[in-house]
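Engineer: Residues per chain, in single letters:
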Amino acid sequence: MELGSIQRSAGRLAESYVFLFILAMIIAIVLFRVLVVVPSVGVIIIDSDIMTDKVKDDIVDMLRYAGEEKDIKGVVLSINSPGGEVSRIEEIYLEILKLRNKKPVVASIDGIGLSGGYYISAAANLIYAKPSSQVGNIGVVSVLPEPVRIDRERVTTGPYKTTGRSQKYYVGEVEMVKEAFLRAVISQRGDRLKIDKENLSKAEIYLGIEGMRIGLVDRIGTRSDALEGAADLARIANYGIVDVNKKMNITLHSFPQLLSSNESTPVNYYRYVEFYEGLD
Amino acid sequence: MRRSVFFALVFVVVFSAQTLFFYRGVYIPQAREPPQVLDISIYPSQFSEYVDRHGSGEGKVLFDSSHRNDFSPGELNVLVSRILARGFSVEYLRDSEKLGENLTDADAFVVISPAREYSKEEAEEVKKFVDGGGRLLLGSDPERDSEINTLTGGFGILFWDDFLYNLKYNDGNFKYIYLTDFADSKLTRNLSKIVFYSSGSIYGNGIVFTDNNTYSSTKGIPGRYSPVVLSHDSRVLGLGDITFLTEPYNVLDNNIFISNIADFLTNTSFLKEDLITKVNVTGNATESIV
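Just so you know, the protein sequences line up as chains A and B, in that order. Per my numbering: the first sequence = residues -13 to 266. Per my numbering: the second sequence = residues -13 to 276.
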C-alpha cells in the first residue's frame, strides 16, 4: 500500500473517531440533562407565627412542592418563628416527616425557633442554629374555658356544650398536648438529646450554643452552612438553590394575636407568649 | 465494532463524569416515625366519697372580708360547711374598723389573701386575739393578690414570694403538687396524700412538706419545702394554697385535711359518740348519724 493511501485511511479513521467522540459527548450531555437533572437544594423560609390556616397551608404547599420537584434533592427550612396553634404546628411537623422520607430536610434557626417553631424544626434531619439564636420553650399555653354554668337565655343539650370541658379536666387535656409535644421532640432527637424530659418540660429558652450542648441543636452555623448540610445528606455537589417561597410566590404574613381571655373557645398554642407581649 | 465500543465508552465516561460532578451517592432516608401518642392519658384525681367524722360545739368563726380579700365566699363552701357541721356559726368581717369588736366573741379568725395591707394596729388586735386563745388561719397562694405578710410577722410566719412545682410527679400539671410528708400534728392526722394546686412555700414551723423533686420558683432548685406551717403554740395555721379547699379540688386526702382544719378552727375533735356527717360525691352533707 502506498504511504499516501495509508495516511488518507488513517486520517479518515481519526476523523471518524473524533466525530464519534463529539457525538458521544453531545448525546451523553443531552441525555444526562433529560434523564438526570442538575440537583438543587430548596429553601423554604418560615419567618412567621403559625396562627392561621393560610400560613399553615402555605407552608404545607411549599413542603409538598419541594417534595415533588425532581431537581430539589434536599430542603432547608429557614426558621424564625415563635410557634403557633397546636393542630397547625402538628400538621406541618407530620408533613416534614413525610418529606424527609424522600429527601433530607435541614432546619436553620435564624433568629428564634421557639415552642411550635422548634417543634417543626425537630422533624428535620439536622438542626443548625446561630450561637445566639433562641431555641426551645417546649410547652403549651392556653386559656381556661369558662366555668360550667347554666343560662336562662340559652338552651344547651349537655353541661359542657358551651365550654367543652370542666376547667379541672381541661388542665389535664393541655398536659396531654404538652406530653405529645415532648414525645415529638424526644422521638426525633433520640440519642442526640442530652437533657431529660423533666428539665425539657420546664419550657426554658436556650441560646443556640446552649441548645447544642443539650442536644436541641446539631450544629452551629448559618443558612449557608445548612445548605451545605442538606447537600451532604442528599449526597450532591455543585448544586443550585431554589427559593421555594419565590417560586411559589408565597410571603408568609401573620399578625400577632395575643392570648385573650375573651376567646370563646379555648385554643392550645405551642408558642412563646412573651414574643407577642413584647410587641405591644 | 471497534467504533461502537469507542462510542459507548465515550458516552459512559462523559455521562458518568457528569453524574459524579453532581452526585456523590444516594440519600438513604432515616426512617423516623411520628411519636406514639395514643397512650397519653392524664386525668386529675377525682372526688371520692368522704365521711366527715367530727365533734360538736358552739362558737363563731370570723372570716376577714374587709381587706379586699382575694377570694369569693363560694370557694370556701366546703370548709364553711364543715365548720357549720361542728355547730359553729360563720360570719364575715366587712368593716376593718370593727375588727377588734368582732374578734371579741370569735373563736377563730380566717384571713385569706388580703389585697390591702393590715395596719400595725390591726395586726396588734389580731395578735391580742391569738394571745387570748383564739385560733388564726392565714391563707394565700401565688395566684392571688396578697399582703398577708403584713399580718404574719408577729407569729413567726412568712409567706415566700414563690410558687412550688413538681415536673416529675404531679396531678396533671406542674403546679399541682402531691404532698405526702407530714409532721405529727392534729392537723395532719390520717393524711397520706394531699394535693395542692397553686402553692407557695412558707417560713415557719412546717407540718407538711414537699418531696425532694419539688422546686421553688425563686430558688430554682428542688428541695423539701413547706406550704403549711403551724405556730409553736398551735394557734396559727398558715396555708400556702387555697384551691385545695375548693370544689372540685377536694380530692385524695384533701377532704380529711379540710376536716382537720375545721377541727382546728372550732377546737373540736371527733369522739366516738359524736356526729358523723356523710358527704356524698358532690361534697354536700347528706345525712347525720348519731
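Where hints are given, some of them may not hold.
What the simulated footprint calls covered on chain B by chain A, stretch by stretch (three residues with Cβ under 8 Å from a Cβ of chain A suffice, anywhere in the stretch; the number is not a length) [to be verified]: (1) 19 to 33; (2) 158 to 168; (3) 212 to 222.
No lab work stands behind these hints, which were simulated from the structure alone. Ideal Cβ positions, reconstructed from N, Cα and C, are used throughout, including at glycine.
Engineer: Against each hint, give a clear statement of whether it holds in the structure.
Structural biologist: For each hint, the structure was consulted:
Counting residues of the stretch 19 to 33 of chain B whose CB lies closer than 8 Å to any CB of chain A gives 10, which reaches the minimum of 3, so the coverage claim holds. Here the stretch 158 to 168 of chain B counts 4 residues with a CB under 8 Å from a CB of chain A, which clears the bar of 3, and the coverage holds. Counting residues of the stretch 212 to 222 of chain B whose CB falls under 8 Å from any CB of chain A gives 0; the rule of at least 3 is not met.
In summary, the structure is inconsistent with hint 3 from the numbered list given earlier, while agreeing with all the others.
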